[in-house]
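I would like the entire structure built from these sequences, with the hints used as guidance.
There are 2 protein chains.
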Amino acid sequence: MNDHPGRIAVLTVGDELLAGEVADSNLGTIGKALSAMGMSVWEHATVRDDVQAISTAIKDFLETNDAVLITGGLGPTSDDVTREAVADATGKRLESRKALETMIRGFFESMDREMPEENLKQALIPCGARAIPPAGGTAPGFIVEYGGKLIAALPGVPREMERMLRSDVKGELGSRFSSGEFTVTLRVNTFGAGESDVAQELHDLIGGCAVRYGFLALNGPIVVKLTATAGSREEAERLAADEREKVVGRLGPLVYGFGDETMEEVMGRLLLERGLSIAVAESLTAGMVCSRIANVPGSSDYFRGGVVTYSRESKEEVLGLPKELLREGAVNQGVARAMAESVRRMFSADLGVATTGLAGPGRDGEKKTVGTLCLALADGKDTGSWERMLPGDRELVRSIATMAAMNVIRLYVLHGDQVVAD
Amino acid sequence: MNDHPGRIAVLTVGDELLAGEVADSNLGTIGKALSAMGMSVWEHATVRDDVQAISTAIKDFLETNDAVLITGGLGPTSDDVTREAVADATGKRLESRKALETMIRGFFESMDREMPEENLKQALIPCGARAIPPAGGTAPGFIVEYGGKLIAALPGVPREMERMLRSDVKGELGSRFSSGEFTVTLRVNTFGAGESDVAQELHDLIGGCAVRYGFLALNGPIVVKLTATAGSREEAERLAADEREKVVGRLGPLVYGFGDETMEEVMGRLLLERGLSIAVAESLTAGMVCSRIANVPGSSDYFRGGVVTYSRESKEEVLGLPKELLREGAVNQGVARAMAESVRRMFSADLGVATTGLAGPGRDGEKKTVGTLCLALADGKDTGSWERMLPGDRELVRSIATMAAMNVIRLYVLHGDQVVAD
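Top line first, the protein sequences correspond to chains F and R. My numbering numbers the first residue of the first sequence as 1 and each following residue consecutively. My numbering numbers the first residue of the second sequence as 1 and each following residue consecutively.
Warning: the hint list may mix true and false statements.
Where chains are identical, the list cannot tell them apart; a pair therefore holds if satisfied intra-copy or between any two copies.
In silico DSS-like pairs for lysine-lysine, Cα to Cα no more than 27 Å straight-line [as the list claims (entries may be wrong)]: (1) Lys323 to Lys367; (2) Lys121 to Lys225; (3) Lys59 to Lys149; (4) Lys368 to Lys98; (5) Lys59 to Lys170.
Quick caveat, the hints were computed from the structure, so don't treat them as lab data.
In structure tokens:
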């Protein structure tokens with residue numbers, strides 16, 4: 001056991017990543033796996049398929065980190081040079097391992113194919129390194145110790161990388177570095193206020209030394225991240241959970257969920273608990289609300305369906321809205337209310353929700369400003385409506401409007417099955 | 001013009017990236033944009049939200065690179081410290097720019113909200129820097145020269161980052177560093193066959209030395225990437241375009257578009273050209289088809305709207321399907337045909353298209369296998385239907401089904417306004 005929280009660096013190798021041809025997912029996989037074990041990735045770099053570039057990065061990282069995890073460059077072709085780079089950085093010779101050679105030959109034999117000569121170089125690893133057998137492909141990985149520090153080289157193929165991380169690397173890192181400090185991050189998901197408003201509301205909580213605050217703006221929702229570090233996982237969890245309680249107390253109904261929970265899941269669970277069904281009439285969002293609600297497996301228990309009345313004619317013909325109502329345009333709270341009431345009846349649902357608005361770029365002959373959202377909710381007794389100005393382009397406006405439509409249903413249930421509008 | 005191909009480094013800032021909570025897409029966007037301009041990203045690093053870490057990385061990169069592009073850390077909260085880090089690395093003071101402050105205030109005013117005090121710090125940029133106005137949010141970017149080299153700081157939000165890259169950064173970099181080799185990548189977008197089938201079809205074209213082939217599987221579509229490198233942009237474009245012609249000749253109607261063209265754009269353009277309108281009835285896809293069609297600005301010219309009949313009752317009540325038809329379940333070609341015909345009439349559209357099927361994980365009492373898609377298209381004279389087995393999980397099944405629904409409309413127009421079903 002070590003008494004400091006191992007600093008681990010990740011080095012991603014590949015020209016194709018720098019050229020934007022392939023997106024790297026290995027950093028995320030490693031980051032998540034280490035966080036869960038009370039370790040964290042301290043820094044990360046992406047370098048070219050070049051022995052000197054990789055070797056220099058390894059040496060730089062070893063100066064300030066306890067371990068370097070390398071992904072990529074272990075394939076059979078000439079641009080795969082991670083083996084040589086580790087040898088160069090550590091001054092160790094490469095040696096061929098018979099056992100690895102046999103496994104690589106076996107891979108080809110199992111597919112009745114002859115092994116190309118190139119693949120032989122995959123059996124080379126630095127002297128003294130511990131080999132990790134291929135995990136699905138032909139690339140072995142390896143772990144080598146150098147000056148009391150650790151270098152692990154893993155294939156770039158995400159599936160193979162992940163298997164080796166789980167089977168060999170996590171254990172090795174855990175036994176050396178996991179101790180001392182455990183870090184836990186909890187997420188509080190909010191909707192209905194901007195990033196700076198949420199931060200303002202928590203102003204005096206931020207900066208306390210036990211828990212670190214972070215904010216993430218995700219096309220509408222603002223996520224508050226609470227990161228606690230402590231001597232045990234339990235203690236870190238308790239610190240973060242206590243802080244979360246304070247945050248929830250401050251933000252109240254702005255909070256719709258925690259962790260990976262989505263608005264559609266939370267809304268769905270509330271509807272299911274109350275035994276309420278729902279139908280949706282969409283103009284501005286044109287199917288996005290329905291689609292998001294139906295994302296949740298089992299949503300057919302509360303989701304009846306909906307209509308997308310994108311044209312003015314369809315608002316009259318399909319939803320039966322009176323011509324006079326539409327004379328002043330289709331973007332106003334009156335139209336939204338009539339849509340919500342009509343779709344509720346049409347689908348024999350308990351609740352009807354409706355969106356209309358202007359996503360832009362054009363105004364389609366409407367008088368309202370681009371970014372206007374009109375929302376309505378009808379429950380058969382009452383109908384409430386809201387009007388908001390949303391920021392951003394067409395896509396963002398529609399995406400925030402979709403969240404807002406699901407959010408009014410959540411708030412309806414929170415208010416004891418009551419429509420509480422502006 | 002410079003006689004060497006500018007070395008450009010990308011620095012990505014954010015704890016959430018190292019912890020694996022958010023995947024970075026900015027490196028890819030920048031890599032692609034620079035490749036297209038005859039430049040390339042030479043190295044990349046991800047660092048914590050920490051002034052010293054960011055400042056050190058900037059200084060390291062400036063030693064061996066001509067420019068550093070930073071993404072992230074320009075928000076209003078306390079963990080956004082890129083401004084301070086650039087000031088630290090360059091020894092420049094931060095100054096508040098009145099014009100930026102006005103824009104940030106304007107952002108909040110346009111939404112009738114008061115500006116939180118925190119946002120004021122977003123108007124701070126290093127002395128002598130060129131400001132880039134906010135691109136959709138409240139975060140300005142900036143470009144600063146230092147020792148003959150360039151530092152650009154851009155927001156981490158991908159959409160805002162991309163806009164500033166296009167509007168200000170590419171021009172600045174291009175005028176200084178672009179020369180030598182130009183690389184052009186053209187994309188041919190196909191739908192309806194698997195990756196290995198498409199590759200097989202092009203088998204003898206692949207491996208020619210002038211143009212490099214790549215394949216990208218994108219939740220249904222298979223994209224063929226053709227990359228050519230030459231001494232001038234024109235020559236590289238000609239090489240890639242010649243190859244593209246060969247590919248289109250081979251793949252025929254599998255090809256629905258090029259470059260960034262989406263299926264909904266292509267389908268929309270064809271409908272507009274033929275003066276046809278469309279309505280959609282969705283069960284399996286539950287709003288995704290409508291939502292994708294309405295993604296296209298101006299789609300109201302041909303898109304009438306649709307219904308999401310997620311429950312069996314709504315198929316009867318809203319679409320008027322006879323009870324007997326639904327006795328054998330809701331997933332069959334007969335139901336899809338009746339849905340397409342009914343929605344066409346309901347919305348007075350020229351064409352009606354319908355999806356029904358099983359996305360899983362459960363079978364909802366249906367007899368069919370999870371992954372089954374039934375599609376139908378009605379034009380008032382004929383109705384055609386298709387049945388397919390789709391691979392993947394709930395999300396992938398719905399996403400491919402959505403593409404397939406738009407694709408039958410595209411093929412209808414290609415076949416001279418004729419329903420050509422299985």
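For this session: If any of the earlier hints don't hold here, list their numbers in rising order.
Result: 4
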